[in-house]
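Starting from the structure of chain A, add chains B, C, D, E and F where the hints point.
Protein chains: 6
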Amino acid sequence: MHRGLYPGRFQPFHIGHLEVVKWSMKHVDELIIVIGSAQESHTLSNPFTAGERIEMIRRTLDKENLDLSKVYIIPIPDIMMNSVWVSHIKTFAPNFDVIISRNPLVNRLFKEANVEVLQPPPFDRHKYNSTLIRRYIIEGNEEWKKLVPKSVLDYLLEIHGDERLRSIAGL
Amino acid sequence: MHRGLYPGRFQPFHIGHLEVVKWSMKHVDELIIVIGSAQESHTLSNPFTAGERIEMIRRTLDKENLDLSKVYIIPIPDIMMNSVWVSHIKTFAPNFDVIISRNPLVNRLFKEANVEVLQPPPFDRHKYNSTLIRRYIIEGNEEWKKLVPKSVLDYLLEIHGDERLRSIAGL
Amino acid sequence: MHRGLYPGRFQPFHIGHLEVVKWSMKHVDELIIVIGSAQESHTLSNPFTAGERIEMIRRTLDKENLDLSKVYIIPIPDIMMNSVWVSHIKTFAPNFDVIISRNPLVNRLFKEANVEVLQPPPFDRHKYNSTLIRRYIIEGNEEWKKLVPKSVLDYLLEIHGDERLRSIAGL
Amino acid sequence: MHRGLYPGRFQPFHIGHLEVVKWSMKHVDELIIVIGSAQESHTLSNPFTAGERIEMIRRTLDKENLDLSKVYIIPIPDIMMNSVWVSHIKTFAPNFDVIISRNPLVNRLFKEANVEVLQPPPFDRHKYNSTLIRRYIIEGNEEWKKLVPKSVLDYLLEIHGDERLRSIAGL
Amino acid sequence: MHRGLYPGRFQPFHIGHLEVVKWSMKHVDELIIVIGSAQESHTLSNPFTAGERIEMIRRTLDKENLDLSKVYIIPIPDIMMNSVWVSHIKTFAPNFDVIISRNPLVNRLFKEANVEVLQPPPFDRHKYNSTLIRRYIIEGNEEWKKLVPKSVLDYLLEIHGDERLRSIAGL
Amino acid sequence: MHRGLYPGRFQPFHIGHLEVVKWSMKHVDELIIVIGSAQESHTLSNPFTAGERIEMIRRTLDKENLDLSKVYIIPIPDIMMNSVWVSHIKTFAPNFDVIISRNPLVNRLFKEANVEVLQPPPFDRHKYNSTLIRRYIIEGNEEWKKLVPKSVLDYLLEIHGDERLRSIAGL
Chain A
2 MHRGLYPGRF
12 QPFHIGHLEV
22 VKWSMKHVDE
32 LIIVIGSAQE
42 SHTLSNPFTA
52 GERIEMIRRT
62 LDKENLDLSK
72 VYIIPIPDIM
82 MNSVWVSHIK
92 TFAPNFDVII
102 SRNPLVNRLF
112 KEANVEVLQP
122 PPFDRHKYNS
132 TLIRRYIIEG
142 NEEWKKLVPK
152 SVLDYLLEIH
162 GDERLRSIAG
172 L
Chain B
2 MHRGLYPGRF
12 QPFHIGHLEV
22 VKWSMKHVDE
32 LIIVIGSAQE
42 SHTLSNPFTA
52 GERIEMIRRT
62 LDKENLDLSK
72 VYIIPIPDIM
82 MNSVWVSHIK
92 TFAPNFDVII
102 SRNPLVNRLF
112 KEANVEVLQP
122 PPFDRHKYNS
132 TLIRRYIIEG
142 NEEWKKLVPK
152 SVLDYLLEIH
162 GDERLRSIAG
172 L
Chain C
2 MHRGLYPGRF
12 QPFHIGHLEV
22 VKWSMKHVDE
32 LIIVIGSAQE
42 SHTLSNPFTA
52 GERIEMIRRT
62 LDKENLDLSK
72 VYIIPIPDIM
82 MNSVWVSHIK
92 TFAPNFDVII
102 SRNPLVNRLF
112 KEANVEVLQP
122 PPFDRHKYNS
132 TLIRRYIIEG
142 NEEWKKLVPK
152 SVLDYLLEIH
162 GDERLRSIAG
172 L
Chain D
2 MHRGLYPGRF
12 QPFHIGHLEV
22 VKWSMKHVDE
32 LIIVIGSAQE
42 SHTLSNPFTA
52 GERIEMIRRT
62 LDKENLDLSK
72 VYIIPIPDIM
82 MNSVWVSHIK
92 TFAPNFDVII
102 SRNPLVNRLF
112 KEANVEVLQP
122 PPFDRHKYNS
132 TLIRRYIIEG
142 NEEWKKLVPK
152 SVLDYLLEIH
162 GDERLRSIAG
172 L
Chain E
2 MHRGLYPGRF
12 QPFHIGHLEV
22 VKWSMKHVDE
32 LIIVIGSAQE
42 SHTLSNPFTA
52 GERIEMIRRT
62 LDKENLDLSK
72 VYIIPIPDIM
82 MNSVWVSHIK
92 TFAPNFDVII
102 SRNPLVNRLF
112 KEANVEVLQP
122 PPFDRHKYNS
132 TLIRRYIIEG
142 NEEWKKLVPK
152 SVLDYLLEIH
162 GDERLRSIAG
172 L
Chain F
2 MHRGLYPGRF
12 QPFHIGHLEV
22 VKWSMKHVDE
32 LIIVIGSAQE
42 SHTLSNPFTA
52 GERIEMIRRT
62 LDKENLDLSK
72 VYIIPIPDIM
82 MNSVWVSHIK
92 TFAPNFDVII
102 SRNPLVNRLF
112 KEANVEVLQP
122 PPFDRHKYNS
132 TLIRRYIIEG
142 NEEWKKLVPK
152 SVLDYLLEIH
162 GDERLRSIAG
172 L
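Protein chains in written order, with my numbering: chain A, 2 to 172; chain B, 2 to 172; chain C, 2 to 172; chain D, 2 to 172; chain E, 2 to 172; chain F, 2 to 172.
In this list, chains with the same sequence are indistinguishable; a pair is considered to hold if it fits within one copy or across any two.
With a straight-line cut-off of 20 Å between C-alpha atoms, the simulated DMTMM-like cross-links for lysine to aspartate or glutamate are:
no.	residue 1	residue 2
1	147	163
2	64	155
3	112	159
4	112	164
5	112	163
6	71	31
7	71	98
8	91	79
9	91	159
10	91	113
11	64	31
12	23	125
13	151	63
14	23	63
15	147	164
I should point out that these hints are in silico values taken from the structure, not numbers from a laboratory.
Chain A extracted, bound-state conformation (with noise of 0.2 Å):
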């Protein structure tokens, strides 16, 4: 059996992730989805805790009828010193054999520890893209709304997101 493992911040988590899960889980049997900088909200760049997140993500998977049997969303806090940063991640997720990212330092962190790399495509990556999404919203445009799943979507306004990233703007 394969597991991949597939790390983000998931600020939020919009649509170009959700395609990423979607592929990976074709490439292995089971994603362990780790949810990093999972100390850091309320702030311009990470505005949601990590509860939220997961929610977020768990909501939107069942949506898909992804099967949530084959997934583990998992959040882990940042350690500062990259280079334990690959034993730490294996401390908080059970055993996996595969990463899935395309992000330059966590795969060179990976290479380094002789651990496979699986670079999804980018799936429209200026598109969906979180850091646009995080500017939308605190500049009042809706075109957000699109970049996100429906569940996502939903959740924030349940939660008053937009309105918690405007008012840490000082807006």
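What follows is chains B, C, D, E and F alone, placed relative to chain A:
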């Protein structure tokens, strides 16, 4: 909908824990199992990593045909300030209404934070007891094999968990 | 009885801060002044230690004949998780009913924690501004001496605080 | 002018502590009371938060008509390196000339840092003793009520501090 | 070329440690001596700073005419996660092939990380024992002076290390 | 005897650093080279681990026939409080009399702690500059190979350090 949060260290996950999970799933709609002291491993009181504990629990719930789409398993590292511990748990976990625990400190902290506490029955606490199980493993007393679910037993033997515990004890 | 909590970094404590303190003491019975980022010092944005900032504030309140028996001055180090910051503040400070702040993040965090927020008037914010004062000190612009209370000025000269800031800037 | 620094954990602040404060105020012009292990609370040895301990001390000094304008009460979290502890204290506290303590480690660390140490008399150390007081509270022995100042007693009952300690002890 | 890594706390460095160093230098080309718990000092179990322990070891190796160009002495602070400890050591130390240790936990952790472990002979373990030496110093038993190399003895007397240990013990 | 302490990050160790070492060894009897930010690696500003930096320096000193018995190379992790940094350095390093540095913050902190500061000459600072060297490596500009000692160049190529830096930069 009601969501309950059940915190524990699960070193290892035993039959008493499984009983609490089953009992809880009858009292709440969804259950969050929090794996505490997630950063700990390879000590006499905390021999197994968070990832290993996730694996033990998932395999058991799966074997027991419990509905994984109603369960969240979330590792949370310690924070060395009891007074912020409740907020810390709320950061890492999705929203919840009730705490399921018999631990006096846990119950006090949530009570002071005005969260409802639900005490599960003791389920043969003196028999199903992680401290006892770890002691049996160290002493080479096979009795421990009857105190954990079959899937936990198989997993521990697979990862040589018993051997690890005995090594650390200097045996 | 009403107690208010007024958080700031006070690098250094200036006339605008003093105005907020005076204004606050008319709106609450007791005032807790929290010195945030208490662990920071000797940087361009945080040149002074918590102890030095306590001294600045105490000397000023004393000179202004403000009633010290109604004021608490409490240094609090940062905690790197916004989601637990309110609990962190509540741990270090005596009980309080209301937050006195114009900082968007502070106000958002306390609002989410259901604590009442009282916004003081801006008191010439563009003139009395710690960033500006530090820049003036670094540039050797004597204008800064008019922006802090006399007792802060005397204290900063006494501890060679201006010289420290210029040294750190490499001047 | 002489300033003394008196460090303690004050769990809780008892009559022996109060005697040290009174004695100290006769030997120095100003007194800094440092509340150590400020991050700790809700444990058997450290049941009360720093904020609660500040409140106990302030109320007592107030009731005793001690001059609050001569006293600083400063919570300081632990730093896990004894060799930097003196610098850590100096960061959080205003400048001081003398340490007031009978604790062997505290006295050694300040002596190695060339700070003068003043040993207060023991003031019935075996009777007025925080460990003993906490044990009495847990055991339900009313004797503890005579060992703390009246204002501490009233405050502890007001916040149900005795009940908290007993809860944490599992009673 | 073979490099070995020999970890210890060396509180203080005694004749048994010196024997391990000599033995090791016959089995590897270069030796890395890791001073663990480097952040600790001024406690009953860890009385000496990392810098003091470096000094003890350097002076001894020098006196013994061991080739310093084949030895690295590296202080490493603790990391509170056993599962990342091996990576942590690898970060601070130059590359190495083999671990030289009799410590059960150390050996287990390196074994799980697939690093070869070389067990040195015990060298009169019951006699040359840091815990015993510290106890002798505290009790004022001169016997300890025979258990450390002459250069360590001279150094400890020079820095009043015996006096420090007795002070901390409250004597 | 005089001992000097020369702190730096050495990312990487270049010819300017080597000149400072040589110059220092003429001014003091023994030299402690402190590798700062020892916990950092795999970032654009701190690409190399402490262990790798130790190796660069040792190989270079060896090749240059500098007397290793007069040199200590000590990695020290950051501590996030400038006010305790001097004590932190003193904990990890053997005793020293003088600081060798041109860094404004370092010099200020040691000056406030009454440690003598010795400023080495600048040694072609604009040419031999770690930031520049890292930029050249990232840009693929071979010029960097002339700015580091031959032994550092060989070592970096051996561990594919240039490739690592370019990977992290996303190239």
